[in-house]
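Protein chains in written order, with our numbering: chain P, 1 to 456; chain H, 1 to 456; chain V, 1 to 456; chain Z, 1 to 456.
Some hints here could point you the wrong way.
No copy is singled out in the list; a pair is fine if it fits within one copy or between any two copies.
Each computed SDA-like pair below joins lysine to any residue, with the alpha-carbon atoms no more than 25 angstroms apart [said to hold, decoys possible]:
| id | residue 1 | residue 2 |
| --- | --- | --- |
| 1 | 18 | 269 |
| 2 | 283 | 23 |
| 3 | 130 | 12 |
| 4 | 130 | 406 |
| 5 | 136 | 456 |
| 6 | 18 | 348 |
| 7 | 18 | 335 |
| 8 | 283 | 389 |
| 9 | 64 | 382 |
| 10 | 64 | 79 |
The set of hints was computed from the structure by calculation and includes no laboratory data.
Residue strings, one per chain:
Number of protein chains: 4
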Amino acid sequence: MALWGGRFEEETNREVAKYTESISFDRRLFRHDIAGSIAHVHMLARQNIIPQATSEAIERELLKIRDRMEKGDFEYSIELEDIHMHIESALIGVLGAEGARVHSARSRNDQVAVDVRLYLRDQIDLLLEKVEFFQKILVERAETDKRAIMPGFTHLQHAQVVLFAHHLLAYVEMFGRDAERLRDCRVRLNRMPLGAGAIAGSTLPIDRASVAEELHFAEVTRNSMDSVADRDFALELLSDLAIFGIHISRLSEDIILWSSQEFDFVELSDDYCTGSSLMPQKKNPDVAELSRGKSARLTGDLMTLLTMCKGLPLTYNRDLQEDKLAIFDALDTATAILTVYPGMIAKMKIKADHMRARAADPYLMATDMAEELVRLGVPFRTAHSRVGSLVKYCRENNTSPEKLTLAQMRESIPEATEAFLNLFDPEASVAKRESEGGTGFRSVERQIAYWKERLA
Amino acid sequence: MALWGGRFEEETNREVAKYTESISFDRRLFRHDIAGSIAHVHMLARQNIIPQATSEAIERELLKIRDRMEKGDFEYSIELEDIHMHIESALIGVLGAEGARVHSARSRNDQVAVDVRLYLRDQIDLLLEKVEFFQKILVERAETDKRAIMPGFTHLQHAQVVLFAHHLLAYVEMFGRDAERLRDCRVRLNRMPLGAGAIAGSTLPIDRASVAEELHFAEVTRNSMDSVADRDFALELLSDLAIFGIHISRLSEDIILWSSQEFDFVELSDDYCTGSSLMPQKKNPDVAELSRGKSARLTGDLMTLLTMCKGLPLTYNRDLQEDKLAIFDALDTATAILTVYPGMIAKMKIKADHMRARAADPYLMATDMAEELVRLGVPFRTAHSRVGSLVKYCRENNTSPEKLTLAQMRESIPEATEAFLNLFDPEASVAKRESEGGTGFRSVERQIAYWKERLA
Amino acid sequence: MALWGGRFEEETNREVAKYTESISFDRRLFRHDIAGSIAHVHMLARQNIIPQATSEAIERELLKIRDRMEKGDFEYSIELEDIHMHIESALIGVLGAEGARVHSARSRNDQVAVDVRLYLRDQIDLLLEKVEFFQKILVERAETDKRAIMPGFTHLQHAQVVLFAHHLLAYVEMFGRDAERLRDCRVRLNRMPLGAGAIAGSTLPIDRASVAEELHFAEVTRNSMDSVADRDFALELLSDLAIFGIHISRLSEDIILWSSQEFDFVELSDDYCTGSSLMPQKKNPDVAELSRGKSARLTGDLMTLLTMCKGLPLTYNRDLQEDKLAIFDALDTATAILTVYPGMIAKMKIKADHMRARAADPYLMATDMAEELVRLGVPFRTAHSRVGSLVKYCRENNTSPEKLTLAQMRESIPEATEAFLNLFDPEASVAKRESEGGTGFRSVERQIAYWKERLA
Amino acid sequence: MALWGGRFEEETNREVAKYTESISFDRRLFRHDIAGSIAHVHMLARQNIIPQATSEAIERELLKIRDRMEKGDFEYSIELEDIHMHIESALIGVLGAEGARVHSARSRNDQVAVDVRLYLRDQIDLLLEKVEFFQKILVERAETDKRAIMPGFTHLQHAQVVLFAHHLLAYVEMFGRDAERLRDCRVRLNRMPLGAGAIAGSTLPIDRASVAEELHFAEVTRNSMDSVADRDFALELLSDLAIFGIHISRLSEDIILWSSQEFDFVELSDDYCTGSSLMPQKKNPDVAELSRGKSARLTGDLMTLLTMCKGLPLTYNRDLQEDKLAIFDALDTATAILTVYPGMIAKMKIKADHMRARAADPYLMATDMAEELVRLGVPFRTAHSRVGSLVKYCRENNTSPEKLTLAQMRESIPEATEAFLNLFDPEASVAKRESEGGTGFRSVERQIAYWKERLA
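If we strip away everything but chain P, and leave its shape as in the complex, we get (with noise of 0.2 angstroms):
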């Protein structure tokens, strides 16, 4: 044992008291650590486990202490590890043998589980908030330009025309959807896991369901081991965040490509772009390319928190501790994404002229024409191969349908009638598409209508 006798020594305590600390990550969670027990002693004490007077006391000083942490007047130490022991050992400090009674029927454990369920219920209000708001700002900038038209693409080619609206009322349903997954996922976490101890539940007479009922949880969770075990609540969340990237950084892209001088459909403000006065064409979407970037972390977080879940055996164990990691650096990043992309959305603008001329090639028709054809009785895939051959006409003579007669194009197509001439309209191609869910502009009006009474 010689050759690494007193190497480690010296250096062992600070090394391994900074690895295993986590105060430095989870102090954020300080105010849910001490609502949590206040409810706990006031639990405690309507249970005449410890006195009224006590947990008058306790309620008091917690109090304090959450002051002097919101004021930075507080001192973290690594010593103590995490906030449950700062916050108590604090107390303790003021209140000596009373202050030790408010770890009576509580565990770490159990601590931490209710914490951060707290506070990741509150993350997730504020998420909700942010993603509502963010979607009224799309709704409103879809009213606002709900005439502007557009090429809308398949294969990144286009296909149909399109209004803009209805491209960006796209991404109003995937954040609804994703609104709608943050609600689940809340419903799931809203359960209280406090009272599950260390792992088997207390010897001593406690009532979950007050302090529940306290911390405004809709029930108690219903197995000690479990409470403790779990971290699906972080899972699902991260599934969700990940989920949201996704979306970001497809409208990102959309934004990104709108923005280069080929496609030249938007103009961001100055404020969400850097640009080079040496290059004036260069602008560069800056905002819109990091939020794509940190798209990536929301994903590279899910997958970490997978990854460490990953055939852990019951119940507790100490890897977990490294998920508040994960958690946060997620929930800050989809924050931050919502905290200037409605800005952007509002301040940028569309090139309206630009996107219609793009718009207005005839082939865009082509479906159009086909489903006139069908109108009249012709079968789907005969329509189809007349339009065909009418492009075919078209390509050989070196013309383009909407400068066909009507006997020209009966060469191709010899249902043709004279609505056919008018086909070739963008804003009338739009105007047909009144179907529902469709980029008809009633039906976008109807899409609008529907968004501003359900965010109102």
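Starting from the structure of chain P, add chains H, V and Z where the hints point.
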């Protein structure tokens, strides 16, 4: 160009067809593709877009095609690329122009979207059935062994005495949340995209609501671009399955540990193990190991789909064809796990005596002593310190708490009463943890009763 | 126990066999399994562990089995679980007791390890060939179009003028690093594990080095437990392929952008696209899109394997049987991509005139002006600011730098010389960037020459 | 626009600056940024692009800035965005126009590329040192305990007798491959990108090779677009660290198992555990658990970076600014693990007697018996079956192989000799596995000697 001229020609068509085909995997959607087409032509006929007789003829022939596919009496070819084209082509082969009407007011983009949603809805229903069956088996198992006592673990260290049934019920909770999540996912995917067309909706007078009704969708999607671009339902489903995989990996880990010579808590049925005629001591828990391994695929499939969707511009991009491989692999994996796992649990024998012996360590009742003191009015941290002194006393005197006289005990714990002499019975320890969700016998019976009713 | 009694019996064997079999996917290892067995019996005979005649008989029969497997004339059954048992069982079927000697001093644990390494070594060689062929095509392409000029992008914004060839050569670099990584991985997996036995080595007088030599392994593994527990070679290979996938996804993104109506830089050959007879403007870059989608599977497969290996105790665990599915999927995906991609690049037409027109923006030469000033002794930031003033002047006077007289230019840039009037030609701009690795014509020619020699 | 007019104004600048800044994390690059700038100005002076005196002044001031940053005597502000601007701005603050020459023939795109490579090169060197130190500790540990015997596991079931040292040496192999991979990665990142400019190279007469030489790069990068777009070196490094994480997670799993009451093979030093004054039986292996948890972050960070890079068009995109967060987190995590782990291994006590007792099961020598028969000429499968009969005989007669007489043994194994009676000693079993890489005492000594020399 000379250098590569000719080199690619011959092979190109075959190679590209092989690269781009999906019929090898999307053929499993045939029932749902046909169901969707039948509902679609019913609507087309109701709306007078196609004749009633055509609708009837198409329905009749589609059902015949379905029968042939069911029987394996249908030839597939990568030239026809995907399941939609195979079916439409077979239909036109028989009905000619009439068959060619089936694709009116529809595109492959909304068609595949409705197919996949119909398919996943069925798959979720199947998964829910299997998850609930598995929960029933776990609950039965818990009931059968409801008096078996074991050490409960934190940090893979003995922490407190728990019931084996309580440990199993923790997993019933986890799978219960999995089922909740699958049900939420089902709500969100149960929205009908058909009618979105390629991207912009239809110019024909379609009635989407009636198609939704016929196909038992709760509502129609609200935005056509979102309808063809969205893969949220798959991302959410794969997230749910990845989380389910985590639960399976943890249960598998527990079972593998329990089956080791060192733990020796359970004996798996030979059906689920490989043994060795050479090494009779060896009974490899293969099914548990493979399940833990397969859980990794659920995480990997989710990562595939997240990465695939990241940064795609609206709307449909061909990348998304690959989504089905990840979705199908995850579904097949989860289904396979749920097919073998219940039987393994049902047939697992527990070694109750050995488990109980491992739980009979008096130090596992240290918390009981501390809480007994709290009951007598001693502040928790003081109680904790008293018990700590007792432990020290025992170690120094090479004895053990359950062997002490009251007088000896009082050297460390002045408040100790006669009752303290009877704290070291594992059954008694369990019996006292009757707080809601605790491991007490009655608490566990309440859990069993709850689940039996809910799963009935 | 009554409730589930009998329910599982009938199905169990079949279901578990289906769950645990690997023959459906590991059969592709048959050549390597047989090669490994032949080298093994050669050694056993040399070491007098089995008779020489037995070795010869086994070799003869193994080669026959291989032939039957090659021809598809071999029946597989999930009862025999894996490829090793199929082959040994067929061997014993013919040779009886003699065949039963093949498995001396061997276990399935080291056998599968050597099989997979032999297989991957071949697969890496195949991949290297394909990567290098692809690089050659890119280099040829660069050479053919070596004077084509395009805007170079940062932030998807025009930044500076570059050669199209230079852009392609950036990918040659990336694929070059992929090849380097594959070669490094090959070195590390080219170590022979046979002889590790189940875990502890053999008590028989085996000669591992001679087996390694016969199988062309560079060395033998040094620790038997590591030999059967290790999956590094697969993790490393899948990492390499995931990074390769990133390169493919970026190249695909570039090609998809270039093929859009907005960029319109290239036209893909019809062989690699789907078009639409209705929408002639639409030529979907399916192969590029699918490749970008498939790249996600490479990331997902890596995540599967990392998650699978995480937290496994030594040595072999059955979880690892699943590794092959991720490995094979990644290999097949990468190979498929490399099979179609070179032809797509070779047959892609570039629209050189349009590209050049897009690059003719004088503001793309802003850096050239600044560097011209630096050449005259002006500090860079001052130079930068001078050119900024010029840009501002042009914008305010609604003109453009290339239209200014020297006098006008000197209002913003007092140091400007006649030479400044000739800075706005894209070819000239390119020609000046002859610093090593720059986009200058000669620099690009040097790169082409380098790669032609290296890939020869 | 009225609705949102004004709402965003006030906050926008601050919020966007906060969103886009990188100084909060890239400041750690300051030493490398300054080293890069010094080499750059040396070259600029040699090439007469700037005066020699300017180069000297810039170097002098840069060194002063570095000193201030080292001492923490430097003010950072998110307005100056990143470390490059902080340093250049401080330089110009002192030197005025002279300082403004530093950025000649350079862009932030190639500057950050060289900074990160320099930083990672140092970090890899540090990691290599730490990995090798850790290997040394493991080898010393193996040497100290080189006669300790334990059961070797497959499927977490006892398989064969092995040396504890052999088990540890398996990890030395794994970490050895980690070091190899890091060295390969270092080769690939040790190529100098400076001179690539923003994207296209420089028009000034720079000499990249001499900068590379001064900064100890082995070569310069070959393509300027690749130089600023490439993140391979980071992807490769993070892959290497993820694989290293897998090794750590497996070693941690082993240690956690060994520390459990059930295994009881080792006792960790108190320094690396938390105990409980209440539950003396409990000694939580926190450092091992946290390390297993932290390994998940290494996988998650890799996932973040892969997802981030996926589908980005060439060349630089702002998404890539986020790469540093994943890179730094992975480096810090790996470094932290390597800082605490060696001490934990060095101070871990093994319970050699208990380990040996667990290994003394005669069935662990079943393979020895079979191989003894092979030695006598019995075909392996026959030998296997003979031993199987013996096992059955023992079980039926409630005895154990080591208790049998030769006559009894011969009932099952007619070929048995006297030697068979002495097969059941664990030391003897180990001693016979002297095949290369086996667990034999001499084989293990050879491994130790190999590593001692190699790590010297």
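Here's how the hints hold up against the structure:
Taking the closest pair of Cα atoms, residue 18 and residue 269 come within 25 angstroms of each other only across two copies (17 angstroms); inside a single copy the shortest separation is 45 angstroms, beyond that limit. Within a single copy, residue 283 and residue 23 get their C-alpha atoms only as close as 42 angstroms, which misses the 25 angstroms cut-off; across copies the closest is 22 angstroms, which meets it. Taking the shortest alpha-carbon separations for residue 130 and residue 12, only the inter-copy value of 16 angstroms comes in at or below 25 angstroms, while the best intra-copy value is 45 angstroms. Taking the closest pair of Cα atoms, residue 130 and residue 406 never come within 25 angstroms of each other, the shortest separation being 54 angstroms inside a single copy and 55 angstroms across copies.
Taking the closest pair of Cα atoms, residue 136 and residue 456 come within 25 angstroms of each other only inside a single copy of the chain (9 angstroms); across copies the shortest separation is 44 angstroms, beyond that limit. Proximity of residue 18 to residue 348 under the C-alpha cut-off of 25 angstroms is restricted to the inter-copy arrangement: shortest distance 20 angstroms between copies versus 46 angstroms within a copy. In this assembly of identical chains, residue 18 and residue 335 lie within 25 angstroms of each other by CA distance solely across copies; the values are 13 angstroms between and 29 angstroms within a copy. In this assembly of identical chains, residue 283 and residue 389 lie within 25 angstroms of each other by CA distance solely across copies; the values are 17 angstroms between and 44 angstroms within a copy.
In the homo-oligomer, the alpha carbons of residue 64 and residue 382 lie at most 25 angstroms apart only across protomers (24 angstroms), although the nearest pairing inside one protomer, at 80 angstroms, exceeds that limit. Within a single copy, residue 64 and residue 79 get their C-alpha atoms as close as 22 angstroms, which meets the 25 angstroms cut-off; across copies the closest is 36 angstroms, which misses it.
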